[in-house]
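Please work from the sequences and hints to get the whole structure.
Heads up: the protein sequence lines correspond to chains A and B, in order.
Here the first sequence is numbered in the numbering used here, starting from 1 and rising by one per residue.
Here the second sequence is numbered in the numbering used here, starting from 1 and rising by one per residue.
None of the hints are false.
Taking lysine-lysine and the DSS-like style, the derived pairs with C-alpha atoms no more than 27 Å apart in a straight line are:
{"#": "1", "chain 1": "A", "residue 1": "Lys128", "chain 2": "B", "residue 2": "Lys57"}
{"#": "2", "chain 1": "A", "residue 1": "Lys493", "chain 2": "B", "residue 2": "Lys17"}
{"#": "3", "chain 1": "B", "residue 1": "Lys57", "chain 2": "A", "residue 2": "Lys416"}
{"#": "4", "chain 1": "A", "residue 1": "Lys416", "chain 2": "B", "residue 2": "Lys7"}
{"#": "5", "chain 1": "A", "residue 1": "Lys575", "chain 2": "A", "residue 2": "Lys563"}
{"#": "6", "chain 1": "A", "residue 1": "Lys664", "chain 2": "A", "residue 2": "Lys693"}
{"#": "7", "chain 1": "B", "residue 1": "Lys17", "chain 2": "A", "residue 2": "Lys403"}
{"#": "8", "chain 1": "A", "residue 1": "Lys203", "chain 2": "B", "residue 2": "Lys57"}
{"#": "9", "chain 1": "B", "residue 1": "Lys7", "chain 2": "A", "residue 2": "Lys420"}
{"#": "10", "chain 1": "A", "residue 1": "Lys128", "chain 2": "B", "residue 2": "Lys73"}
{"#": "11", "chain 1": "A", "residue 1": "Lys127", "chain 2": "B", "residue 2": "Lys73"}
{"#": "12", "chain 1": "B", "residue 1": "Lys17", "chain 2": "A", "residue 2": "Lys416"}
{"#": "13", "chain 1": "A", "residue 1": "Lys420", "chain 2": "B", "residue 2": "Lys17"}
{"#": "14", "chain 1": "B", "residue 1": "Lys18", "chain 2": "A", "residue 2": "Lys400"}
{"#": "15", "chain 1": "A", "residue 1": "Lys124", "chain 2": "A", "residue 2": "Lys169"}
{"#": "16", "chain 1": "B", "residue 1": "Lys18", "chain 2": "A", "residue 2": "Lys493"}
{"#": "17", "chain 1": "A", "residue 1": "Lys621", "chain 2": "A", "residue 2": "Lys575"}
{"#": "18", "chain 1": "A", "residue 1": "Lys563", "chain 2": "A", "residue 2": "Lys304"}
{"#": "19", "chain 1": "A", "residue 1": "Lys169", "chain 2": "B", "residue 2": "Lys71"}
{"#": "20", "chain 1": "A", "residue 1": "Lys108", "chain 2": "A", "residue 2": "Lys128"}
{"#": "21", "chain 1": "B", "residue 1": "Lys57", "chain 2": "A", "residue 2": "Lys403"}
{"#": "22", "chain 1": "A", "residue 1": "Lys169", "chain 2": "B", "residue 2": "Lys57"}
{"#": "23", "chain 1": "A", "residue 1": "Lys416", "chain 2": "B", "residue 2": "Lys18"}
{"#": "24", "chain 1": "B", "residue 1": "Lys57", "chain 2": "A", "residue 2": "Lys420"}
{"#": "25", "chain 1": "B", "residue 1": "Lys71", "chain 2": "A", "residue 2": "Lys128"}
{"#": "26", "chain 1": "B", "residue 1": "Lys73", "chain 2": "A", "residue 2": "Lys169"}
{"#": "27", "chain 1": "A", "residue 1": "Lys688", "chain 2": "A", "residue 2": "Lys648"}
I should point out that these hints are in silico values taken from the structure, not numbers from a laboratory.
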Amino acid sequence: MITITIDGKKVEVEKDTTLLQIALAKDIDIPHLCWDDRIRPFGGCRLCVVEVEGYDRLLSACSTPPENGMVIYTNSEAVINARKAVLDMLLIHHPLDCPVCDKAGNCKLQDLAYKYGSTESAFKEEKKHAVSAESPFIELNPNRCILCGKCVRVCWEHQGVGAINLIDKGFNTKISPAFQEVLDCEFCGQCVDACPVGALGSKPFKYMSLAWFLEERDNICPYCSVGCTITLNVRERRIISAKGVKNKGVNNGDLCGRGRYGVDFVYAANRLTTPLIRENGMLRQSTWDEVMQYLSIHLRKIIKTKGPDSIGAIGSPRCTIEDNYMLQKFMRSVIGTNNIDSDRFGYAKIQQAVEMTFGLHTLPISLNSPLDKDVLLVLESDITSTHPIWGLKFIEAVQKGAKLIVMDPRETKLSKRSSKWLRIKPGTSQAILNGIMKAAIDKGLHLKNKRSREAGNLDALIQLLKAYTIQQVSDIAEICSREFTEVIDMFLKGERRLTAITIGPAENNKGLGTALAASNMVMLLGDGPQALQMPATYSNTYGMWQMGITPDYLPGYEKITDKPGKNIFKMLYEKGQISALFIIGEDPLITYPDLNKLEEVLGSLDLIIAQDIRLTKTAEKFAHIVLPAASWAEKEGTFINAAGIRQKVNKIVEPATDATPDWKIFRNLSRAMHHPIGMDDLSALKEKIHQIKLHIGDEKWNYVPVPYEEMDPPDDDYPLLMVSGNIMQHSGAFSVMSKSLSHVFADSFVQINEYDAEFFGLKDGDIVTIESKRGQAKTKVRISDEVSRGMVFVPLHLKDSRMSELYVAYEGFAAPIIAVKIRK
Amino acid sequence: MENNNVKTIRDFIEREKKSYASIESTVIPALHEAEGVYGWISPEAIEDISNYTGVSKAKIKGTATFYAMYKNKPMGRHLIQLCTNVVCMVMGSESLLSLLNERYELEPGGMTSDGRFSLVIMECIGACGTAPAMLVDADYYDNLNEKNIFEILDKYQ
Numbered sequence: 001m002i003t004i005t006i007d008g009k010k011v012e013v014e015k016d017t018t019l020l021q022i023a024l025a026k027d028i029d030i031p032h033l034c035w036d037d038r039i040r041p042f043g044g045c046r047l048c049v050v051e052v053e054g055y056d057r058l059l060s061a062c063s064t065p066p067e068n069g070m071v072i073y074t075n076s077e078a079v080i081n082a083r084k085a086v087l088d089m090l091l092i093h094h095p096l097d098c099p100v101c102d103k104a105g106n107c108k109l110q111d112l113a114y115k116y117g118s119t120e121s122a123f124k125e126e127k128k129h130a131v132s133a134e135s136p137f138i139e140l141n142p143n144r145c146i147l148c149g150k151c152v153r154v155c156w157e158h159q160g161v162g163a164i165n166l167i168d169k170g171f172n173t174k175i176s177p178a179f180q181e182v183l184d185c186e187f188c189g190q191c192v193d194a195c196p197v198g199a200l201g202s203k204p205f206k207y208m209s210l211a212w213f214l215e216e217r218d219n220i221c222p223y224c225s226v227g228c229t230i231t232l233n234v235r236e237r238r239i240i241s242a243k244g245v246k247n248k249g250v251n252n253g254d255l256c257g258r259g260r261y262g263v264d265f266v267y268a269a270n271r272l273t274t275p276l277i278r279e280n281g282m283l284r285q286s287t288w289d290e291v292m293q294y295l296s297i298h299l300r301k302i303i304k305t306k307g308p309d310s311i312g313a314i315g316s317p318r319c320t321i322e323d324n325y326m327l328q329k330f331m332r333s334v335i336g337t338n339n340i341d342s343d344r345f346g347y348a349k350i351q352q353a354v355e356m357t358f359g360l361h362t363l364p365i366s367l368n369s370p371l372d373k374d375v376l377l378v379l380e381s382d383i384t385s386t387h388p389i390w391g392l393k394f395i396e397a398v399q400k401g402a403k404l405i406v407m408d409p410r411e412t413k414l415s416k417r418s419s420k421w422l423r424i425k426p427g428t429s430q431a432i433l434n435g436i437m438k439a440a441i442d443k444g445l446h447l448k449n450k451r452s453r454e455a456g457n458l459d460a461l462i463q464l465l466k467a468y469t470i471q472q473v474s475d476i477a478e479i480c481s482r483e484f485t486e487v488i489d490m491f492l493k494g495e496r497r498l499t500a501i502t503i504g505p506a507e508n509n510k511g512l513g514t515a516l517a518a519s520n521m522v523m524l525l526g527d528g529p530q531a532l533q534m535p536a537t538y539s540n541t542y543g544m545w546q547m548g549i550t551p552d553y554l555p556g557y558e559k560i561t562d563k564p565g566k567n568i569f570k571m572l573y574e575k576g577q578i579s580a581l582f583i584i585g586e587d588p589l590i591t592y593p594d595l596n597k598l599e600e601v602l603g604s605l606d607l608i609i610a611q612d613i614r615l616t617k618t619a620e621k622f623a624h625i626v627l628p629a630a631s632w633a634e635k636e637g638t639f640i641n642a643a644g645i646r647q648k649v650n651k652i653v654e655p656a657t658d659a660t661p662d663w664k665i666f667r668n669l670s671r672a673m674h675h676p677i678g679m680d681d682l683s684a685l686k687e688k689i690h691q692i693k694l695h696i697g698d699e700k701w702n703y704v705p706v707p708y709e710e711m712d713p714p715d716d717d718y719p720l721l722m723v724s725g726n727i728m729q730h731s732g733a734f735s736v737m738s739k740s741l742s743h744v745f746a747d748s749f750v751q752i753n754e755y756d757a758e759f760f761g762l763k764d765g766d767i768v769t770i771e772s773k774r775g776q777a778k779t780k781v782r783i784s785d786e787v788s789r790g791m792v793f794v795p796l797h798l799k800d801s802r803m804s805e806l807y808v809a810y811e812g813f814a815a816p817i818i819a820v821k822i823r824k
Numbered sequence: 001m002e003n004n005n006v007k008t009i010r011d012f013i014e015r016e017k018k019s020y021a022s023i024e025s026t027v028i029p030a031l032h033e034a035e036g037v038y039g040w041i042s043p044e045a046i047e048d049i050s051n052y053t054g055v056s057k058a059k060i061k062g063t064a065t066f067y068a069m070y071k072n073k074p075m076g077r078h079l080i081q082l083c084t085n086v087v088c089m090v091m092g093s094e095s096l097l098s099l100l101n102e103r104y105e106l107e108p109g110g111m112t113s114d115g116r117f118s119l120v121i122m123e124c125i126g127a128c129g130t131a132p133a134m135l136v137d138a139d140y141y142d143n144l145n146e147k148n149i150f151e152i153l154d155k156y157q
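Okay, here's the thing in structure tokens:
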């Protein structure tokens with residue numbers, strides 16, 4: 001600690017900081033335009049200049065570290081004159097078109113011009129008339145730009161993209177992408193939040209409102225499980241736009257494109273506004289009274305004739321914990337069954353692996369986990385797409401000197417920033433992990449602590465690993481054994497290692513076996529579960545599991561030992577298991593695999609109730625009753641993010657007409673069935689949830705050796721491996737409802753390498769049929785070197801494609817990648 | 001599907017990057033190399049450098065346009081750099097300019113329609129005693145007049 005004097009006050013400060021950060025922490029206002037704590041100091045705007053005793057010139061506070069005994073004046077006459085002079089320069093070219101600028105009211109230049117008293121420059125010069133680039137989301141207005149370069153540095157240093165830069169020099173300098181016609185980037189919009197003036201704006205919100213008419217309301221982002229705080233701009237009780245605000249939330253103001261541009265799904269045209277009931281094969285508008293009566297009669301009839309276990313329910317990772325708690329309470333108390341499950345194709349595998357190996361019922365990630373590591377291993381996971389803001393921590397770690405190893409046949413943002421990237425064959429991560437374990441054993445780098453030595457099944461694991469020598473694994477993964485050896489050395493040399501895998505429902509390139517192998521590895525090396533980061537998928541996937549939306553756990557991970565219910569594979573893929581189904585916030589026809597089988601089972605049920613915010617494909621085709629639910633911004637509740645942090649979801653706007661929060665629908669239904677379950681209001685419900693005791697399990701390690709196998713090996717008839725996943729702008733149900741996001745990627749597509757495209761005679765934009773052993777789907781070809789030879793990539797969840805027809809509902813260990821053929 | 005130009009630039013970057021602390025530092029020499037290969041800093045040149053350094057295209061374009069001596073637009077086969085500073089101007093470089101314009105329709109900053117010459121006005125090259133002076137590509141010529149300038153330029157086809 002050293003002592004400096006700011007404006008006459010003595011303060012104790014850390015050495016490793018800057019004068020600006022010290023002042024801001026002490027609530028001393030030093031104006032600044034180009035500084036941001038996420039990026040390196042730049043010292044470009046010259047507004048943060050301060051007077052320091054002993055220096056005959058002014059120093060920029062953002063780039064000057066404190067020295068012991070420094071005496072600083074932040075507001076002296078010399079400082080004020082210098083700032084006025086800088087503003088005078090900035091206002092030479094700035095157009096002063098505030099009345100038509102969306103930023104008016106939230107513009108730093110406007111504030112400073114007001115504060116320092118000059119609205120026009122003393123210099124007379126032609127204003128700029130630069131042409132701006134086109135982009136679907138981001139509106140570039142180079143004429144308003146003050147050339148502080150903050151957006152450029154946020155985009156390159158923090159976001160790892162570098163889509164824009166200051167091009168040319170002197171008076172001609174303008175903010176632009178490399179080739180000025182179009183801005184083609186990932187559309188995270190971080191540059192828009194970074195811009196101190198109105199040079200970068202959001203196109204979907206253009207001219208909707210000047211900033212000073214907007215009311216700011218915070219909420220938790222409804223997309224992925226990072227749980228970012230997003231600030232919604234509301235005007236006249238309508239959400240206009242979204243932004244990130246520095247120092248707020250787990251994201252500290254960072255947002256991705258889904259969070260920023262995807263919240264307009266609340267106003268989608270297919271929102272449900274009233275209950276619907278099927279009559280003569282058609283859905284017609286109904287009332288709450290009518291549907292409640294209908295359900296009460298029919299559900300009781302089914303319970304009476306076929307028993308409570310003939311009714312099932314599917315919960316939603318997009319609903320709050322309150323909604324999910326009430327769902328299971330309704331099913332368990334009112335109906336009397338444990339037939340409750342959720343989308344079992346993703347995070348369920350992680351839950352299962354964690355329990356089998358570590359003996360834990362849950363394993364939250366830590367959002368800052370990449371930052372204190374020296375080597376990071378990412379296996380076939382496009383983290384910057386699935387969990388964009390967590391993905392940024394990997395980029396930050398690389399900048400701080402960590403080694404990043406990426407094993408992925410697809411090029412991702414992380415592979416571009418990696419120290420080593422091996423393009424393995426799709427789905428072979430499990431073999432890679434086995435190979436790393438075998439190498440560790442050969443080098444004597446295993447069993448580093450008591451727990452790893454005492455874990456069960458060690459002999460069986462060692463026996464299994466004999467078949468995974470570097471050469472054998474290199475052959476399986478189709479990589480060069482020399483490079484694999486290099487990677488293994490890099491990884492094993494690390495003192496603080498981290499392994500990251502995501503398994504979302506849309507991702508088929510990892511299976512239960514992959515999660516088990518990764519768990520085995522962190523145990524064998526002695527690193528333990530904390531060194532393995534496998535995040536939950538959606539905003540409340542983690543919370544949904546904690547609320548017992550699973551056939552074998554009660555809320556709080558309390559294991560049901562006597563009579564577990566039927567899981568989704570039984571309920572949805574075996575005929576005759578159930579005769580009534582409650583579907584909450586899911587659209588199985590779009591997102592679940594094996595469409596033909598699914599349609600057969602759904603078509604055979606007596607009663608299907610779809611409760612959702614929109615009319616889903618499943619509801620349209622099969623539901624007897626459709627219940628309109630309030631969306632995320634229309635109700636209060638709680639999400640639990642991947643790190644296990646509970647965050648409050650706020651009611652920002654009124655629900656669409658008759659839409660009702662899910663938890664309230666269950667309360668009302670239980671009343672209608674003359675079986676009230678208490679918790680009449682939200683606070684009683686919250687209190688009930690608060691009292692749940694968490695049984696996270698006793699950590700007891702146990703190796704689970706699983707050989708690598710292919711579920712559906714390619715052959716001459718079906719030569720290509722089809723990998724599915726999410727893309728940056730779409731993650732499923734909500735994103736396809738968003739008008740803004742669908743503007744960019746509306747149609748489904750398949751990515752194929754240019755060699756394969758040539759071999760199969762395909763051109764960019766061709767409409768092709770993809771066929772697997774189970775079905776076929778039509779889509780559009782996109783030739784891309786992001787995928788390697790022998791594979792194709794399809795983003796799931798995009799509407800109007802029957803991609804899921806190709807997939808199999810699979811419960812085994814392997815990665816459920818399927819072999820396909822592709823033809824015009 | 002790699003052509004010779006791409007290979008030259010890739011090999012250059014692979015070789016050069018060993019000399020620098022960060023890969024970003026190879027961008028400036030790579031721009032010189034690419035200029036030699038493509039004749040100017042073309043979009044292909046920027047793509048190639050971006051592919052092999054990992055630095056974004058916008059960053060490279062920004063660097064190229066910041067430094068005045070990179071050729072940021074297509075250039076003729078030969079570059080005429082004529083000095084028009086005070087001494088050269090007094091000694092007749094202005095009339096040489098209009099002659100170049102008459103014969104080749106060549107404006108300062110422009111290129112002949114057949115792609116043979118590009119012309120730029122350069123600052124003093126320290127040849128005031130033998131003004132006017134010019135560079136053609138890397139060759140230096142002084143004591144220019146209305147006659148010998150064309151004899152010189154005829155050598156450059």
